[in-house]
Amino acid sequence: MPDWKEQIRRQLADLKLAPAREAEIVEELAQHAEDRYRELQSGGATEAEACRMTIDEIGGHELLARELEAVERTDAPEPLVLGAKGTGHFLTGLGQDLRYGFRTLLKNPGFTAIAMLALALGIGANTAIFSVVNGVLLRPLAYPDPDRLLNIFEANAEFGHYSVAYPNYLDWRGGSRSFTDMGAFRSDDFNFTGNGEPEQVAGEYVSASLIPVLGVTPFLGRSFLPEEDRQGAACVVMLAYGFWKERLGAEPNVLGRSLTLNAMSCAVVGVLPADFRFRENARIYLPMEQYNSVELRTRESHMGLGVIGRLKPGATIAAAQAEITSIASRLARQYPATNAGHGAAVVRVKDDMVGRIRPTLLLLVGAVGFVLIIACANVANLLLARSTARQREFAIRAALGADRGRVVRQLLTESVLLSLGGALIGLLIARWGTSVVLAAAPGSLPRAQEIGIDPYVLLFTLAVSIVIGVLFGLAPAFHSANANPQESLKEGTRGAGGGRHRTEGVFVAVETGLAVILLAGAGLMMQSIWRLWRVDPGFNTRHVLTTQFALSPKVMASPTGIQLAFQQLLDRAAAIPGVQAAAITSLVPLGGNDSENSFWPGTGPQPPQDRLTSALFYIVTPDYPSVMQIPLRRGRFFNARDNLASPPVIVIDDVMAKQVFPGQDPVGRQISFLGLGPVQIVGVVGHVKHWGLDSDDTNKIRDQMYFSVRQVPDKFLSEAVAGLTLAMRTGPEPLSLVNAVRAQVAGPTRDQPIYAVQTMEQIISGSLAERRFTMLLLIIFAATALLLAAVGIYGVMSYAVTRRTHELGIRSALGASRSEIVGLVVRQGMKLAAIGMAAGLVAAVVLTRFMAGLLYGVRPADPLTLAAVALLLGGIALLACYIPARRATAVDPVTALRCE
Amino acid sequence: MAALYMENSSIDREWKKGSAELLLLSLLEALPRHGYEIGKLIEQRSQGALRFHVASLYPLLYRLEKRGWIQGRWVEKSGQRRRRYYRLTAQGRKILASQRQGWQTFVEAISRITGVENA
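One line per chain: the protein sequences are A and B, in this order. Residues in the first sequence are numbered consecutively from 1, following our numbering. Residues in the second sequence are numbered consecutively from 1, following our numbering.
Check each hint, because a few of them may be wrong.
[Said to hold, decoys possible] Restricting the straight-line Cα-Cα distance to at most 30 Å, the calculated cross-link-like pairs of lysine-lysine (DSBU-like) are: (1) B:K40 / A:K107; (2) A:K350 / A:K245; (3) A:K700 / A:K658; (4) B:K40 / A:K5; (5) B:K40 / B:K77; (6) A:K107 / B:K77; (7) A:K715 / A:K554; (8) B:K40 / B:K66; (9) B:K77 / B:K66; (10) B:K66 / B:K94; (11) A:K245 / A:K554; (12) A:K350 / A:K312; (13) A:K245 / A:K107; (14) B:K94 / B:K40; (15) A:K5 / B:K77; (16) A:K5 / B:K66; (17) A:K700 / A:K350; (18) B:K94 / A:K16.
[As the list claims (entries may be wrong)] Facing chain A, a subset of chain B residues (Cβ under 10 Å, in silico): (19) G39; (20) S56; (21) R82; (22) E108.
The hints are simulated quantities; they were obtained by calculation from the structure and are not laboratory data. Owing to the predicted nature of the structure, the values given are computational and were not obtained by experimental measurement. All C-beta atoms in this analysis are idealised placements derived from N, C-alpha and C, irrespective of residue type, glycine included.
All chains should be built: construct the whole structure from the sequences, respecting the hints.
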């Protein structure tokens, strides 16, 4: 058959029509010629006759050109020519590409919506994680020159980082030359009265040097003067911006006003700026020396004191570390009883803050990257399918002389438009998703309040969407650009070559593989959490309500008053209907706080500090084991007769019993404490997982001791009162009793507030917050991946079935049964999925090793998890193949054959 | 204007010329058709008396399209190559009605004069 197009094009050559218009006319007339030619042949003409007659009819006259000229020459401006070689300006071309791209996308709203949604999920998840990484890891701390700010800790064999003894801090500060200055701080709660309801306010004791070291200028007033940070100085206070605004109505004349804190009158000297976030909860700041405790001035007490120093210009961290270490060694020689074995460690403030969470976040970055790749593979598949349908369009352009680059550029413009659209929706998903996830896992991230969508996040999203737009557009674009125009034009509906199916297959395999990895990660995290929940913490976590409380300032004046207040408080709490037992404790297991005391066995003189053993030190009231349901192993717990008049006694846990008295009965034996002297062991109780459900077994300090509140020496009592917790075992749901507890604790004077009310189960849940955060995100990512992969497999299989309609029709005409047809299609799809799953499983074995630190009770390449993942994904893949396969059996052989 | 094949010498060339537009519009009245189909229908329904040449059929279609009387659209049907189908526009429909009226009047006038029975 002659090339009709060539014939016609020759006739039109002189007309110099616009290329697109010419292409249309050529196509239409060639179609006519072909119809005529076939008709002549079917009427009995030989090929040669038919050919000659057709050429006579279409080409034998000048008429066509003349008639066309008359019609076409009246043309208005030239229409948009997409196939033309880029004769115009680059930007004009780009404008055309954009306009055309928009139109093409709008013409296929279904395709556009699905592609954009897939991309929005991928980009949204990535934006969300980047906004977290940006806020937590990347953004510098809000202080001038924040990289020069260093945390300085004490360090010993038991604790890598240890809070600092105040006298040691003073010696460091006096002796070091690497720092411009140092400041110390310690968190505490203050009973704020005289402003309506009594309120417990979180605050910090800070040295006068701290705010200048941080480089912060107060919003109002000034920071503390050195003379205000002296023992016996009048109390002054600085306020956090939020406290000033919310509690004091942003009163402009607040400076000099006096607030009653812990029954002390403190004059306001300054208000800190709104963006000051030294400690997230701290609302007021008092000078360190207002911390009126004997323990502050001893070297044996490490009262949660933190120290920050600002490195001098030119000084290095290593030099600072060496210098502080040498000062610490000097102090260890000078005060062996308290300082032997104590060194110091220097860490950048930001690293200390976010260092621990970094591996988790990087893991999530990796995981969310996989989600994006899966989304891209899906969209690339869609584009591939569509590019096949658009074969003729590209072929015509190519035939009209459009170079490959121009066609590729047009397609890339479309894919970038798609991904930018996806990014816009993705930003909304990210904004919404971040707040939902942060709310679902509170306390899981440091600097959480700095997470948000800022210009860097927007830039990231823009860059990601352009890059992926180009990446996922490349394969379809080159596929289309390489199409052979003649082939495409000749065979209208069946353009695609084998290359497309291969690419598609690769995409499906990649999606499946990545989904396997994500599912494996999520599965391992779920198993870890599940196993952690089943860990026996050593006490009964159900039906326990805990709350912190403050005693009325009026009772704080005398030790007797405090002891009496405790007893009255316990009596009132125990009388609440539904409360079965009530106790006061200085420490709550898994609550994130700890307090240790050093001891030595026997009653001999104190060995040097580095030969002492530390144990967790709980100060409790007699009913504590009944509230927590901690089993008594030997001897007895405290009773009302254990008081200051009787010899001091102690109860230890079974871990300490085995550790200190291996093979012996510890009951009746004596141990000695710094500051307390010898005490007698009267009982042994079960060990409680204090440090964490997972980490307790590996913590260096595992020994636990219980000491009765009633035997706390008077000089330590006011100290011991801070941060006490009231714990109650309840019959009904614990939180249903909160109002009754609040009323009873407040007491007749109504000045004893409760705060930080939590059930024991909430505390445990909080101790798993970081893991739950990771698990939650991995589950979300894995579910998204699973969905996208299923849609991807389904899409490819549906298309394959459509493409094979003819073949399947023949098969079924030749007697293939329905199940044979289903098997045929399912096998084809499952082969791709199986390849992807196999590769994914191998990759999962390698990659899950990076999350070993987050797992508990399950190995990274846990065969059971991997098998479950393979089963789940296999099932979903099977379903995604089966639905199109079922459709294939519905193909009517006659229809299928008629298509030809 | 459009030229028609002289298949039958008894039919005047001028008659055909004036009627070409009317023929096309009439054929598109019921449903959209592509060029080849239009050509075939004219041939069949005139029992071979009228035949459009490619060189006149398509330019005429383009002209009518330009006037906005008909509208062409590429349609792809499964199993077939795409074809350009033309359909009558609303404006085309009005024109067809008025041309038909004019033709009727013309034919009646001729009949009255020549005494030929109106078919």
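Against the structure, the hints:
1. Restraint check for K40 (chain B) and K107 (chain A): the C-alpha separation of about 34 Å exceeds 30 Å, so the hint is violated.
2. For the proposed pair K350 (chain A) and K245 (chain A), the alpha carbon gap of about 28 Å is at most 30 Å, so the pair holds.
3. Simply put, K700 (chain A) and K658 (chain A) have alpha-carbon atoms about 15 Å apart, close enough for the 30 Å limit, and the pair holds.
4. Taken as a hint, the K40 (chain B) and K5 (chain A) pair is honoured in the structure, with Cα atoms around 21 Å apart against an allowance of 30 Å.
5. Restraint check for K40 (chain B) and K77 (chain B): the C-alpha separation of about 20 Å stays at or below 30 Å, so the hint holds.
6. Between K107 (chain A) and K77 (chain B) the alpha-carbon distance is near 18 Å, which keeps this suggested pair within the 30 Å criterion.
7. The straight-line distance between the Cα atoms of K715 (chain A) and K554 (chain A) is roughly 18 Å, inside the 30 Å bound, and the hint therefore holds.
8. Using a Cα cut-off of 30 Å, the hinted pair K40 (chain B) and K66 (chain B) holds, with the two alpha carbons roughly 23 Å apart.
9. About 25 Å separates the Cα atoms of K77 (chain B) and K66 (chain B), which keeps this hinted pair within 30 Å; it holds.
10. Only pairs whose Cα atoms come within 30 Å are accepted, and K66 (chain B) paired with K94 (chain B) is accepted, the gap being roughly 16 Å.
11. Simply put, K245 (chain A) and K554 (chain A) have alpha-carbon atoms about 29 Å apart, close enough for the 30 Å limit, and the pair holds.
12. With a C-alpha separation of about 17 Å, the suggested pair K350 (chain A) and K312 (chain A) falls inside the 30 Å cut-off, and the hint holds.
13. Using a Cα cut-off of 30 Å, the hinted pair K245 (chain A) and K107 (chain A) is violated, with the two alpha carbons roughly 55 Å apart.
14. In summary, the hint linking K94 (chain B) to K40 (chain B) is supported, as the alpha carbons are separated by about 25 Å, within the 30 Å threshold.
15. A C-alpha spacing of about 21 Å is found between K5 (chain A) and K77 (chain B), which places the hinted pair at or below 30 Å, so the restraint holds.
16. A hinted pair counts as satisfied when its Cα atoms are at most 30 Å apart, and K5 (chain A) with K66 (chain B) qualifies at roughly 24 Å.
17. For the hint pairing K700 (chain A) with K350 (chain A), the CA-to-CA distance comes to about 26 Å; that is within 30 Å, so the pair holds.
18. Distance check on the hinted pair: K94 (chain B) and K16 (chain A) sit about 34 Å apart at the alpha-carbon level, beyond 30 Å; violated.
19. Among the interface hints, the one on G39 (chain B) holds; its C-beta lies about 8 Å from the nearest C-beta in chain A, closer than the 10 Å criterion.
20. The beta carbon of S56 (chain B) is positioned within 10 Å of a beta carbon in chain A (closest approach about 6 Å), and the interface hint is therefore held.
21. Nearest Cβ of chain A to the Cβ of R82 (chain B): about 6 Å, under the 10 Å cut. The hint holds.
22. The beta carbon of E108 (chain B) comes no nearer than 32 Å to any beta carbon in chain A, farther than 10 Å, and the hint placing it at the interface is violated.
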